[in-house]
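Visitor: Given the structure of chain A, go ahead and fit chain C onto it with the hints provided.
First to last, the protein sequences are chains A and C.
For the first sequence, counting from 1, position 20 maps to 20 in my numbering; every step adds exactly one.
For the second sequence, counting from 1, position 99 maps to 99 in my numbering; every step adds exactly one.
Note that these hints are calculated values from the structure, not bench results.
Keep in mind that the hints are not guaranteed to be accurate.
Stated by the list, open to error - Footprint (simulated), chain C over chain A, 3 or more residues, beta carbon under 8 Å:
1) 38 to 44
2) 101 to 111
3) 130 to 143
Said to hold, decoys possible - In silico negatives: residues of chain A with every beta carbon more than 10 Å from chain C:
4) K3
5) S5
6) L19
7) I22
8) F26
9) G31
10) S47
11) G64
12) V78
13) P81
14) I124
15) W147
16) A159
17) Q164
18) L165
19) I176
Treat the numbers as computed from the prediction; the structure is a model and nothing was measured.
Cβ atoms here follow ideal geometry from the backbone N, Cα and C, with glycine treated the same way.
Single-letter residue listing:
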Amino acid sequence: MVKNSKTSYGWMAIVLHWLMAIGIFFLFGLGLYMVELTYYDEWYRGSLELHKSLGLVLLLVWIGRVVWRWSNTNPAMVGTPVEKKAAHVVHLFLYFLMFALMVTGYLISTADGRGIVVFELFEIPAMSISFENQEDIAGDIHWAIAWSLMLMVALHSLAAIKHQLINKDGTLMKMIRPKASQ
Amino acid sequence: MKKLLLTAVTTSALTLASLFSVSAQAADYKIDTEGAHAFVQFKIQHLGYSWLLGRFNTFDGGFSYDDAAPEKSAIEIVIETASLDSNHAERDKHLKGADFLNVKKFPKAAFKSTGFEVKDDNNAVVTGTFMLHGVKKTISFPVSKIGEGKDPWGGYRAGFEGKTTLKLADYGITYNLGPASANVEIHLYVEGIRK
Numbered sequence: 001m002v003k004n005s006k007t008s009y010g011w012m013a014i015v016l017h018w019l020m021a022i023g024i025f026f027l028f029g030l031g032l033y034m035v036e037l038t039y040y041d042e043w044y045r046g047s048l049e050l051h052k053s054l055g056l057v058l059l060l061v062w063i064g065r066v067v068w069r070w071s072n073t074n075p076a077m078v079g080t081p082v083e084k085k086a087a088h089v090v091h092l093f094l095y096f097l098m099f100a101l102m103v104t105g106y107l108i109s110t111a112d113g114r115g116i117v118v119f120e121l122f123e124i125p126a127m128s129i130s131f132e133n134q135e136d137i138a139g140d141i142h143w144a145i146a147w148s149l150m151l152m153v154a155l156h157s158l159a160a161i162k163h164q165l166i167n168k169d170g171t172l173m174k175m176i177r178p179k180a181s182q
Numbered sequence: 001m002k003k004l005l006l007t008a009v010t011t012s013a014l015t016l017a018s019l020f021s022v023s024a025q026a027a028d029y030k031i032d033t034e035g036a037h038a039f040v041q042f043k044i045q046h047l048g049y050s051w052l053l054g055r056f057n058t059f060d061g062g063f064s065y066d067d068a069a070p071e072k073s074a075i076e077i078v079i080e081t082a083s084l085d086s087n088h089a090e091r092d093k094h095l096k097g098a099d100f101l102n103v104k105k106f107p108k109a110a111f112k113s114t115g116f117e118v119k120d121d122n123n124a125v126v127t128g129t130f131m132l133h134g135v136k137k138t139i140s141f142p143v144s145k146i147g148e149g150k151d152p153w154g155g156y157r158a159g160f161e162g163k164t165t166l167k168l169a170d171y172g173i174t175y176n177l178g179p180a181s182a183n184v185e186i187h188l189y190v191e192g193i194r195k
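Excised from the complex, chain A in its bound form:
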């Protein structure tokens, strides 16, 4: 029940999936909100600290999730061959964009050699190399990726809902709770 089966995801995959979904939605909203805060807003600094800390925690979750996914069986996809292919491509994009999003965020804040302190617990150091105007370039890419990821999330969610409600093939339910193993 913790591990995946041929017919559904296990608890580990389900929890990781929804943790990241909630985290990424929250960070997207927070990101759009915090850049509008002004210098004298009480949360001007705190919002960014939270965004950076949570982003790096999600990077760790992402790594764990990828390791879990590729060291585990995955439930079979349902749908037409085209749908399966499309779902697979969107999944790959989702993983890639999430990773690139976190990496570009890291590159913004570490462009001057400062590390990122995660929830005042530990520090992720900066890399010893940087490129010119790194904070600006990484910032532009971070913004573009955030919106691209939201687009992919929309496709991914619509497809899951379509399969659940129209095809009634239980696609969404696979990610809600594990089926009793057979």
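Guide: Showing chain C alone in chain A's frame:
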């Protein structure tokens, strides 16, 4: 006859003097950005409690300076606004963004002098056009000569410094940094190598 001679002597002396001053002076200098002996720094109050300093790392320019006729001096400097460096990437990103310098839209700031009012041997007030954030304004500020002379490597150098205070709102930068931070000081330190 005596009067004529006097005139001739005076004329030759004047000619000689002017020749001398032309040959020895009226030099054009290139600002030594290559060797980084020039700095464009800014300084702004932080919350009214302390100072924040930063600089522009990339700029170019030159000046002409004549010891005998300093009122004919001129300076021109062009600053790449994206080279702003306050030793903090997140702050730099913000300062280069749309809230402040908007460097994508306004990649250059520039100063070009239009006149020099000499105060004494080493001090003058320069007037010129300053462009920042796409806004051009005529400003005047004091400059002083630090020194000039031969360098140890076969060249000839002269150095100046100047300081001015700008009101950010005058240049269309209106982000609220607090009442103590409405103005920014610009400090210019230039060393030129004679061409």
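Visitor: For every hint, state whether the structure bears it out.
Guide: Hint check results:
1. For the stretch 38 to 44 of chain A, the stated coverage by chain C holds: 3 residues have a C-beta nearer than 8 Å to a C-beta of that chain, and at least 3 were required.
2. Coverage of a stretch by a chain is defined here by at least three residues with a beta carbon nearer than 8 Å to that chain's beta carbons; for the stretch 101 to 111 of chain A and chain C the count is 4, and the condition holds.
3. Counting residues of the stretch 130 to 143 of chain A whose beta carbon lies closer than 8 Å to any beta carbon of chain C gives 5, which reaches the threshold of three, so the coverage claim holds.
4. The beta carbon of A/K3 is kept farther than 10 Å from every beta carbon of chain C, the shortest such distance being approximately 41 Å.
5. The beta carbon of A/S5 is kept farther than 10 Å from every beta carbon of chain C, the shortest such distance being approximately 45 Å.
6. With a closest Cβ-Cβ approach of about 27 Å to chain C, A/L19 is found to remain outside the 10 Å limit, as its non-interface label requires.
7. Taking the minimum C-beta to C-beta distance to chain C, about 26 Å, the non-interface status of A/I22 holds against the 10 Å cut.
8. For A/F26, the shortest C-beta to C-beta distance to chain C comes to about 20 Å, beyond the 10 Å cut-off, and the non-interface label holds.
9. The claim that A/G31 lies off the interface holds: its Cβ sits roughly 13 Å from the closest Cβ of chain C, which is beyond the 10 Å cut-off.
10. The beta carbon of A/S47 sits about 12 Å from the closest Cβ of chain C, which is more than 10 Å, so the claim that it is off the interface holds.
11. No Cβ of chain C approaches the Cβ of A/G64 within 10 Å, the least distance being about 28 Å, so the stated non-interface status holds.
12. Every CB of chain C lies more than 10 Å from the CB of A/V78, the least distance being 45 Å, so the non-interface label holds.
13. With a least CB separation of 45 Å from chain C, A/P81 remains clear of the 10 Å interface cut-off, as annotated.
14. Separation of A/I124 from chain C is adequate, the least Cβ-Cβ distance of about 15 Å exceeding the 10 Å criterion.
15. For A/W147, the condition that its CB be more than 10 Å from all CB atoms of chain C holds, with the nearest at approximately 17 Å.
16. With a closest Cβ-Cβ approach of about 36 Å to chain C, A/A159 is found to remain outside the 10 Å limit, as its non-interface label requires.
17. Annotated as non-interface, A/Q164 keeps its C-beta farther than 10 Å from every C-beta of chain C; the closest such distance is 42 Å.
18. Under the 10 Å C-beta cut-off, the non-interface status given to A/L165 relative to chain C holds; the minimum distance is some 43 Å.
19. Every Cβ of chain C is farther than 10 Å from the Cβ of A/I176; the closest lies at roughly 39 Å, confirming the non-interface assignment.
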